[in-house]
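Quick mapping for you: the protein sequence lines, in order, are chains A and B.
Numbering follows numbering that gives the first Met the number 0, with no gaps: position 337 of the first sequence is 336.
Numbering follows numbering that gives the first Met the number 0, with no gaps: position 120 of the second sequence is 119.
It is worth saying that the hints were derived from the structure and are not from the lab.
Where a beta carbon is used, it is the ideal one built from N, C-alpha and C, also for glycine.
Take the hints with a grain of salt, since some may be wrong.
Stated by the list, open to error - Partial chain B-side listing against chain A, Cβ under 7 Å, derived:
(1) Y35
(2) I36
(3) H42
(4) Q49
(5) A55
(6) G59
(7) A112
(8) P115
(9) A138
(10) G146
(11) L150
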Amino acid sequence: MSSDNLPAKRTGAFVAGDRGHMTVIDRDGRTEARLRQFLDRLDAESPFYRARLAECGTGTAIERLGRLPPTSRADYRGPLAAEALAGLGRECFVTDRSSGSTSRPVLRFCRGADDLAEQAETERVFRRAGLGPGDHLVCIDVGAAAISDFYQRAARALGVERFTFLHLTEDDAPAWLALQRLEPTAVLAIPSLIARGGERPLALWPEGRSPVRICITVGELLLPRQRTAIAHAWGCRVCTFFGTTETGGFASECGTADGCHFHPESTVVGLADPAWVDPLTAEGELLLSTPDIRTQPVLNYRTGDRVRVSVGACTCGERTPRLWPLGRDTETFVFAGEKFTYDAFLEALRVVAPTLDACSILVGPTTQRPVRLTFHLPEKLRRHEKALRAALTNGIFELDALCRYGMVEVQLAFRGRLPLGNRKGIRLARARTER
Amino acid sequence: MSDPPLLAAARAACDALPLYRALWSRRPTVEADIPYIGAADLHCLDGPGQLHVAGADPVGAVPPLRRGRPHLGFTRIEADGDWLLRQRRLIGALSRLGSTRLPRRMALVTDDATGPFAADLVELLAWSRVSASLVYAEAGPRSIDRGIEALAPDLVLLVAGVERPAIDVPLVMVVHAGDRPAAATQTARLLVCDELQVLASAGAGETTYIPADDSVRLEIDPRTGLLAVTSLAFTAAPVIRLQVGPGVALA
Ligand SMILES: [Zn+2]
């Protein structure tokens with residue numbers, strides 16, 4: 000594929016790289032121009048990428064990107080975090096922390112320029128969602144208030160008048176009542192936190208009386224039935240805002256709600272192991288390169304998210320490519336708004352029990368608060384109970400936080416044989432659907 | 000006999016950080032050897048790295064009260080142990096103000112400048128299962144009142160410097176150590192600095208501050224009359240007799 004002779008109905012093109020992954024570029028050469036500057040900057044400022052780029056030979060920036068090996072999460076939390084930390088100097092910065100759905104968290108450093116670049120992207124997303132003067136935006140979360148404060152700045156830049164951060168705790172009834180009284184015109188939330196409230200958040204207003212015009216969902220995949228339930232109950236538009244901790248949010252749905260638009264010169268999107276869906280659409284693992292990030296930038300960063308990307312035009316008229324999140328490459332389930340991978344649990348437990356090859360996790364009953372997560376482990380590990388428990392909560396800080404918040408209770412159960420076998424499928428399905 | 004806490008902290012900081020060795024010229028043997036220092040004494044630092052104990056895993060930045068305006072001129076990074084101490088001080092100080100009972104639901108009144116600081120408090124409070132929502136002041140006093148009314152909190156914490164809300168609800172205000180000491184003593188106060196966050200509290204009507212717990216030492220520098228703070232316990236980022244603002248009455 001190449002970017003030549005693009006018919007008007009296209010919004011960009013896929014360029015195949017030498018390593019088999021594909022990169023999405025825009026129609027008028029801005030992706031190439033931004034990437035060229037970006038590679039020059041990394042060559043000057045990042046020893047890690049200087050060494051990698053030296054192996055990529057010459058050519059256009061897109062061609063060189065196509066020869067570059069993917070950046071792993073281990074690279075991000077190792078050499079790239081160290082480079083960022085060393086380069087911070089006296090400039091002010093904030094940090095963002097995420098487990099990246101593994102048992103070893105990643106720390107992201109953001110200086111003022113990074114924050115503003117991300118704000119520009121977020122403003123674009125909020126504008127696309129229709130936020131503006133007269134709105135009262137309420138962000139709902141169990142923690143992570145710092146990101147809500149960031150959203151507040153982006154919203155205010157569009158003239159949004161009122162902003163509230165609503166803190167959801169294990170006893171969520173008062174918070175939903177507060178949401179009703181706050182009379183928001185816009186809500187930003189993680190879908191599973193709304194789902195966790197059961198009927199309560201959906202029954203806040205009689206039909207046709209909800210003040211909410213728009214609900215922006217972040218942080219995880221929005222299931223079709225969740226979208227329908229929210230849209231119906233609140234009589235509002237529901238729009239997905241997609242991103243990662245390492246790169247910030249960069250894609251969101253328009254009114255058509257058919258894919259998240261993104262700007263390929265601000266966040267360069269690639270696909271590893273791509274498979275064509277049609278001549279304008281492909282699926283694969285999302286790779287990200289971040290020309291707008293100065294402090295901890297990445298090239299071909301492996302997100303672990305499976306996405307579909309299309310350069311076919313959207314009926315809304317916006318001429319940017321679109322992305323559909325499809326889930327994660329690794330087995331994941333979402334709990335109280337936090338993503339967990341099965342591998343992360345195993346990795347954490349293996350700190351104490353290196354030969355552990357499987358464990359089963361029982362979720363629920365979910366009607367009870369806190370929700371219990373029971374880890375079934377071999378009997379011979381019983382004498383390590385204390386250490387195993389500590390390994391889980393020390394290794395996976397989001398789990399630790401949810402336990403502290405009273406959202407989750409971790410139990411360890413020991414028995415001769417693990418209840419895996421033929422029930423494994425049932426258990427996985429249950430963990431997936433009870434969100 | 001073990002060293003008094005201040006001397007022990009200073010010696011530990013001296014052993015862990017070349018910065019203090021350079022600043023003091025020798026390892027203190029008595030408390031009188033430990034000089035009081037100001038932000039200007041740290042002007043040579045290139046950034047947070049030199050205030051960070053090697054090998055201590057950083058968990059994040061400590062937000063100053065006002066975004067982008069840290070007292071030392073750069074952002075500080077802390078380790079898990081420092082975070083836990085900050086959390087303990089906040090909870091300790093709030094519990095004391097509430098006569099040993101911690102509120103269940105709080106509303107924090109904040110604004111664009113103090114937002115990151117307030118958001119950080121939310122996470123510290125959540126750790127002790129206190130629900131803490133944020134009301135932003137930019138939309139005006141009427142909107143603040145409506146926000147507080149809707150959230151129905153047990154306690155309101157004024158993080159931004161705003162007028163008292165018209166709602167009748169227990170109130171605590173955040174006072175930055177670098178600011179002119181608050182004249183209004185009819186409101187309970189939390190005294191904070193950018194380096195260690197919550198330092199002390201004073202109840203409504205009280206004229207003196209009581210330190211949040213024994214992880215910090217508050218002193219008045221006898222030569223300047225300024226308030227100086229020491230992290231008696233630390234993992235990554237010790238501050239020793241650092242002047243943070245005008246003197247206050249200490250219990
Ligand atoms: Zn569209």
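- Message: Check the structure against each numbered hint from earlier and tell me which ones fail, lowest number first.
- Response: Hint check: 1, 2, 3, 4, 5 and 7 fail, others pass.
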